[in-house]
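Colleague: Residue numbers (the numbering used here), protein chains in the order written: chain A, 1 to 644; chain B, 645 to 779; chain C, 780 to 1215.
Be a bit skeptical, because a hint or two may be false.
Pairwise CB distance ranges (calculated) [said to hold, decoys possible]:
no., chain 1, residue 1, chain 2, residue 2, range
1, C, Arg1161, A, Asn267, 54 to 62 angstroms
2, C, Arg1161, A, Thr312, 54 to 62 angstroms
3, A, Thr405, C, Arg1212, 34 to 42 angstroms
4, B, Glu727, A, Phe308, 37 to 45 angstroms
5, A, Asp385, C, Pro1066, 45 to 53 angstroms
6, C, Ser1166, A, Thr312, 39 to 47 angstroms
7, A, Asn89, C, Lys985, 29 to 37 angstroms
8, B, Lys776, A, Thr629, 45 to 53 angstroms
Below, simulated DSSO-like cross-link-like pairs (lysine-lysine); rule was C-alpha separation at most 27 angstroms, straight line [to be verified]:
no., chain 1, residue 1, chain 2, residue 2
9, C, Lys885, A, Lys51
10, A, Lys39, A, Lys318
11, A, Lys140, C, Lys821
12, B, Lys765, A, Lys73
13, A, Lys207, C, Lys970
14, B, Lys676, A, Lys110
15, C, Lys1100, A, Lys427
16, A, Lys427, C, Lys985
17, A, Lys251, A, Lys140
18, C, Lys815, A, Lys515
19, C, Lys821, A, Lys51
20, A, Lys463, C, Lys1039
21, B, Lys768, A, Lys503
22, C, Lys1039, A, Lys407
23, A, Lys427, C, Lys1039
24, B, Lys765, A, Lys389
25, C, Lys872, C, Lys787
26, C, Lys869, A, Lys472
27, A, Lys427, C, Lys828
28, C, Lys872, C, Lys970
29, A, Lys408, C, Lys1023
30, B, Lys676, A, Lys24
31, C, Lys1127, A, Lys472
32, A, Lys73, B, Lys768
33, B, Lys765, A, Lys503
34, C, Lys985, C, Lys869
35, B, Lys741, A, Lys503
36, A, Lys73, B, Lys676
37, B, Lys676, A, Lys503
38, C, Lys872, C, Lys821
39, B, Lys751, A, Lys580
Just so you know, these hints were derived from the structure itself, not from any lab.
Using N, Cα and C, we set each Cβ at its ideal position, and we do this for glycine too.
If you want the building blocks of each chain, they are given just below.
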Amino acid sequence: MKKKIGVYVCHCGGNISDYVDVEKVRQAVENDEGVFLSKTTMFACADSNQKEMVDDIEKEKLDGVVVASCSPKLHLLTFRAVTERAGLNKYNYVHANIREQVSWAHSDNKPGATDKAIQIVKAAIAKVRHAESLEPIKVKATNAVAVIGAGVAGMRAAIELAEAGSEVFLIEREFFVGGRVAQWDDLCITEETGKELITRLYDEVMKHKHVTLFTGAEVVENTGSVGNFTMKVKITPRHFKLQCTEGSLQKAIDACPVEVPDEFNFNITTRKAIYHNYPSEYPQLPAIDMKNCTRCGECEKVCNNIDFSQKTEYLNLKTGAILLATGFDPYEPPKGEFGYGEIDNVVTFPQFKRIVHYCDDKLIYKGKEIKNIAYIYCVGSRQLDGENKYCSRYCCTANIHTAITVKKKYKGIHNFHFNRGIRTYGKAEVWYDESSRLGDIYLQSFEHAPPVIEKIGNQTIVKINDVLTTDKELEVVADLVVLVTGMVPRKDNAIGNLLKVPKGRDKFFNEIHMKLRPVETVIDGVTIAGASQGPKNIMESMNSSLAAATKSFSLVNAGELALEPTVAEVNKETCEWCGKCDEACPYNAFEKVEMDGKFIAKVNAAVCKGCGMCLPVCPANALDLIGLTDVDMESMIDALIPQV
Amino acid sequence: MAGGKVNSSSKILVFSTEKISDPAIDMAGLLKLHYPPTIYTISVPCSSSIKPRWILHAFEQGFDGVFIAADGTDCPYGESCTEKTGQIVNQTMEVMKEQGIDPARLKMAAICSVCSEPFVKHVKSFTEYLNKSEN
Amino acid sequence: MSAVETNKVLKFDVLVIGGGIAGGESALNLADVGYKVLLVEKELSIGGKMILLSKVFPTLDCAACITTPKVSEIARHPNITIFTGAETKKITKKGEHHFEAVVLQKPRYVHVDDCTGCQLCEEACPVSVPDQYQYDLVGRKAAYIPFSIASPRAAAIDIENCTLCGACERACPTQCIDFTQTEEELLIKVKSVIVATGFNLFDPLKIPRYGFGEYRNVITSMQMERQLAPTRPFNTILRPGDGKMPDNIAYVLCTGSRDKSVGNPICSQICCMYSIKQAQLLMGALPMADITIYYLHIRAFGKGFNEFYAQAQDMGVEFMKGKVGKITEKENGNLLLRYEDIEAGVVKEAEHDMVVLSVGVLPNLGISDVFDNERLEMDPFRFVAQSDMLASPAKTSIEGVFVSGTASGPMDIPDSILSGGAASVETTSYLRRARV
Ligand SMILES: Cc1cc2nc3c(=O)[nH]c(=O)nc-3n(C[C@H](O)[C@H](O)[C@H](O)COP(=O)(O)OP(=O)(O)OC[C@H]3O[C@@H](n4cnc5c(N)ncnc54)[C@H](O)[C@@H]3O)c2cc1C
Ligand SMILES: Cc1cc2nc3c(=O)[nH]c(=O)nc-3n(C[C@H](O)[C@H](O)[C@H](O)COP(=O)(O)OP(=O)(O)OC[C@H]3O[C@@H](n4cnc5c(N)ncnc54)[C@H](O)[C@@H]3O)c2cc1C
Ligand code: SF4
Ligand code: SF4
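Construct all of the structure, not just a fragment, from the sequences and the given hints.
Modeller: Following this line, the structure appears as structure tokens:
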């Protein structure tokens, strides 16, 4: 039992002390058993206070420390580090959350908040009284990273990880790399096209002997944990033997009788069951889409590189960290939203990008030349009734940029932008300005009155009550209506569930802390990058992927990881091996061993994750979590109830 | 409850989980979604690590209710969590019945890492239930 | 490096210029993988603008609570050396992985290691001048601690305003004040450089029709930020004119942004959001106050931003799509805003008792001149140009020199931190190439 506990109650510059009487809290605990010193502080986390704590611990030989401040998610590690610097084992530190769970949650009830804070600090003191020094468990970390998704974010991270010195497995579900950017021609910000950018990245990826690229590959199982993940990867064959020459490939494609909607072109065109997305696509080897292939064998007759005997393979990869860069899906409007799927000249922005790609000197859609284009913004974003409350960030800028490109590429184009307040943030403002100068018309709708699309005869008419012209009803006869659709999380996001990565309110993968740990997730060793974390343009995706690469690299680079020692522990006296713990453990951390003439359970500390699932199943109550024993728990519970 | 309560509301012990429900409860504070200050949390790694004896201990010590903010299907430790936590609750309720404690004083709901509003709703209505049932 | 008389040559792997959140993040990442970093900061404390903010959008975390631990981690890191109050005068690229920099360490007149931050010198000092860290809202002494969460939290003497009366010297219990300190020029050898010099705020004196500087109740958003911060100058929100608590506050967005007449055509990307944040905080601090935000477009584009905007609308913040033409002052210190109500299509006038100008983000000029023999290119808006914006956003026109944070354009904190991370990993790769 500890006798020299130091307690620090933080004002958090008013965040706590505006609602909790911190001095009263301090007084209420100063005479608790074992408390030697108690202080209040303006910012517990500030350098000066940290120094003071170090001094106190050293000078007064404190044996336990409690800081009552914000959520442990922010500063548990900070204060553990403080005790460590002062030469006190960091597990003699206990954190009390009196901000998120007290001052802010009960800002409507100051006396209640103060009372609750007192009990919470008392519970922390009760826990620290029993705390023991612990040493971290050291495990070897595999210096390899699995990067999932070979879009711009994934490829960029792979390159940098390999440069820094890690082995990289780049796993792409499609048969071709590049993700969404391969689908866009002109890109905003630079002159480079999507294809050029992808080619550049692909060349660099292939240059690196430390990057292994898998296409048609999907992670189907994942076991292990940070430092040592084992993933089972399913590799679907492309049914091609070698580098195929353009000539015989084209013959095979021509021979294939199956036509299916081409997803690469967002279904505005069709493709064969043998396909590549575009000539010179990477890897430069076509693939056969077995879901649609009828095995008629026509292609085999004209091309001898086809090999239907290739089988699905499974590989096991060992990695130390995982970087998720699985990107996004464009929002797919339901039938009828702004006439989509009902009126024939309503398309989405991604479809429009593909149409522009295919039209050289005249913009033609469904046989008709397009002059008047109406763009309807925020489709699928900023929804008032739907679930997508967020702004998709990229679309105003990318769309205006495309509208300018279209105007410059074809003659006689008139652009009408039906928007909800243009968000060309930052330097992108200059395109907004340029498009206005080029004569584009901007019409802004009221929040609750989106534009309406009607088909009258063979005319498609877009109507709006325009904010900018004092609510006048305006209408535009449009040859083409482009729905500027936002970004949504990937429909098939099974990988997220497999890795247990939590999702945010917007359903994209969620980081631990937007500012402190923006690319890490609650799953140790798994980082998130690019648009899988939320809408981003390319540059922003790159920044996040490089930041994620830094974090992954620093994990696996050292070759060794120090894991939390708070794992399960067996009481050798009371354990009578029944095997229930072994059944409950999701990690196979238990072993049956013989000891003093009986069989008991033994925990493999490097495997145990400290989840505690075994604790309640033991009939003999022979299991405890180190750091959260029955004594710890019960003394905390006791302390939470005010002693009268 | 013996002693009754003078204008204070029921005391509830919440078992939250470090990675899933704790962030939601923190966010409830951040968003200033108020709930009664007689709700205390102790966080555990996973809701299927809660020993029935801890729950019973809380009742013995004078807590009016125990709420398990379970990981549900988001549990980072495995799919079996929901089922296992359910078993713990059932098992504990059996004992509670034996000891003459209203089993409705133990409650469980899955609270995902952004489920701040559901959390607040749960603990508020639980408090109301307990306040009513004990007067 | 001929003309310079240097008394010391120091060697590091990386020189990081600017100790804001972006530079700090880059430095920490590099130090964590074992590189020796020199962080040069021109102010007396590291932490940049962020350490001075109140709470941060869109989560409303307290800025100090996020910044201070980062700052102290940087300050204590065994692989990071920090110079505060120091200026990088010249950088010469001698070859790949070989840069020489001349850094001018200005005297603080205080031995930082001995200063306990007791503030007795502040009390003793008879000189009072406007406090730059409180954006001139209040005064400070010539002997002063920059602000309470500064790192290092040590006194400094503002020699320009000091009368050399010696009162502080006498008051200091540890005798750490030393008027004999002089400027020191240091020669630094490094393998790579990160430019993280951040941004400047638009100076609203350049728009005389808003009356800033003339009408005391017209303040900048940074001044409001200070009033809302935990290390705030007053304990509440006050009109500087007469110390009255305001109850009808206006925000004028795009002040100095998206405005070619002041030479800045771009959007500053943060001011919509920080104004919405301040509005929410004000509603908490002054529950009775009305807040009107005059805007052209609301740029609530990032993760959680649109939801944050909706939250402000629900709380009752008034959003007026309107362009503010002119502000005039009434006798009682209230302000009349003439603005064009865009939805109604008419010019209107409204009275407020305090006006906050949401000033924009401008480039921090001057860093390009520091590079001696190779040119550090600037973009058309005079931010540091990114030579490969799409694939390597941290690269600049000089190989081995990387850019981190708002030095390359407007960014909020999450973006600055990501950019800081990107700069560090690109630097790591560059440094590794030196080894092979
Ligand atoms: C219409 C439109 C136009 C745009 N124009 C521009 C522009 O001009 N400029 C700009 O900067 N940005 C633009 N963007 C944004 C840009 O597309 C994104 O920033 C970028 O695609 C994000 O890259 P990413 O790598 O994160 O994701 P993605 O491009 O979506 O790539 C993700 C990759 O992961 C793979 N994947 C997914 N799930 C799995 C799995 N389970 N296993 C293995 N692999 C998986 C996918 O197949 C894909 O290859 C535009 C977006 C749209 C919709
Ligand atoms: C009023 C206001 C409110 C804001 N609120 C928010 C918010 O709520 N949420 C959010 O996400 N963002 C907010 N921001 C934006 C945020 O401040 C920036 O994103 C962030 O500070 C950028 O960090 P930085 O390191 O790039 O630049 P800076 O903070 O500007 O740091 C640059 C550092 O470099 C130093 N320096 C400059 N030149 C030199 C030189 N030549 N030699 C040495 N050192 C030098 C400077 O002194 C400074 O310390 C706000 C900004 C303002 C103005
Ligand atoms: S970026 Fe523009 S179009 Fe896209 S959701 Fe945001 S406001 Fe709407
Ligand atoms: S962020 Fe908002 S206030 Fe700032 S310049 Fe852009 S539009 Fe104007």
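Colleague: Each hint needs a verdict: does it hold in this structure or not?
Modeller: Here is what the structure says about each hint:
1. Arg1161(C) to Asn267(A): 54 to 62 angstroms: Check failed, 45 angstroms falls outside 54 to 62 angstroms.
2. Arg1161(C) to Thr312(A): 54 to 62 angstroms: 56 angstroms, holds
3. Thr405(A) to Arg1212(C): 34 to 42 angstroms: Cβ of threonine 405(A) to Cβ of arginine 1212(C): about 37 angstroms, so the range 34 to 42 angstroms holds.
4. Glu727(B) to Phe308(A): 37 to 45 angstroms: 43 angstroms, holds
5. Asp385(A) to Pro1066(C): 45 to 53 angstroms: 31 angstroms, violated
6. Ser1166(C) to Thr312(A): 39 to 47 angstroms: Cβ of serine 1166(C) to Cβ of threonine 312(A): about 44 angstroms, so the range 39 to 47 angstroms holds.
7. Asn89(A) to Lys985(C): 29 to 37 angstroms: 58 angstroms, violated
8. Lys776(B) to Thr629(A): 45 to 53 angstroms: With Cβ atoms ~36 angstroms apart, the hint is violated.
9. Lys885(C) to Lys51(A): Holds - the C-alpha atoms of lysine 51(A) and lysine 885(C) are around 26 angstroms apart, at most 27 angstroms.
10. Lys39(A) to Lys318(A): 49 angstroms, violated
11. Lys140(A) to Lys821(C): 42 angstroms, violated
12. Lys765(B) to Lys73(A): 24 angstroms, holds
13. Lys207(A) to Lys970(C): 25 angstroms, holds
14. Lys676(B) to Lys110(A): Cα-Cα ~13 angstroms, so holds.
15. Lys1100(C) to Lys427(A): Holds - the C-alpha atoms of lysine 427(A) and lysine 1100(C) are around 22 angstroms apart, at most 27 angstroms.
16. Lys427(A) to Lys985(C): Holds, at roughly 21 angstroms.
17. Lys251(A) to Lys140(A): Violated. Lysine 251(A) to lysine 140(A) sits at ~52 angstroms, over the 27 angstroms cutoff.
18. Lys815(C) to Lys515(A): 25 angstroms, holds
19. Lys821(C) to Lys51(A): 24 angstroms, holds
20. Lys463(A) to Lys1039(C): Given that 27 angstroms is the threshold and the Cα spacing comes to 33 angstroms, the pair is violated.
21. Lys768(B) to Lys503(A): 25 angstroms, holds
22. Lys1039(C) to Lys407(A): 24 angstroms, holds
23. Lys427(A) to Lys1039(C): 13 angstroms, holds
24. Lys765(B) to Lys389(A): 22 angstroms, holds
25. Lys872(C) to Lys787(C): Holds, because 19 angstroms separates the two Cα atoms, which is no more than 27 angstroms.
26. Lys869(C) to Lys472(A): 60 angstroms, violated
27. Lys427(A) to Lys828(C): Satisfied, since the Cα-Cα distance of roughly 21 angstroms is no more than 27 angstroms.
28. Lys872(C) to Lys970(C): With Cα atoms ~9 angstroms apart, lysine 872(C) and lysine 970(C) stay inside 27 angstroms; holds.
29. Lys408(A) to Lys1023(C): 56 angstroms, violated
30. Lys676(B) to Lys24(A): 23 angstroms, holds
31. Lys1127(C) to Lys472(A): At roughly 20 angstroms apart (the allowed maximum being 27 angstroms), lysine 472(A) and lysine 1127(C) satisfy the hint.
32. Lys73(A) to Lys768(B): Given that 27 angstroms is the threshold and the Cα spacing comes to 25 angstroms, the pair holds.
33. Lys765(B) to Lys503(A): The given pair, whose Cα atoms are some 21 angstroms apart, holds under the 27 angstroms limit.
34. Lys985(C) to Lys869(C): Between lysine 985(C) and lysine 869(C) the Cα gap is close to 31 angstroms, so the pair fails against 27 angstroms, i.e. violated.
35. Lys741(B) to Lys503(A): 38 angstroms, violated
36. Lys73(A) to Lys676(B): With a Cα-Cα distance of about 18 angstroms, the restraint between lysine 73(A) and lysine 676(B) holds, given a limit of 27 angstroms.
37. Lys676(B) to Lys503(A): 22 angstroms, holds
38. Lys872(C) to Lys821(C): 22 angstroms, holds
39. Lys751(B) to Lys580(A): Roughly 25 angstroms between the alpha carbons, so the hint for lysine 751(B) and lysine 580(A) holds.
Of the hints listed earlier, those the structure fails to meet are numbers 1, 5, 7, 8, 10, 11, 17, 20, 26, 29, 34 and 35, in rising order.
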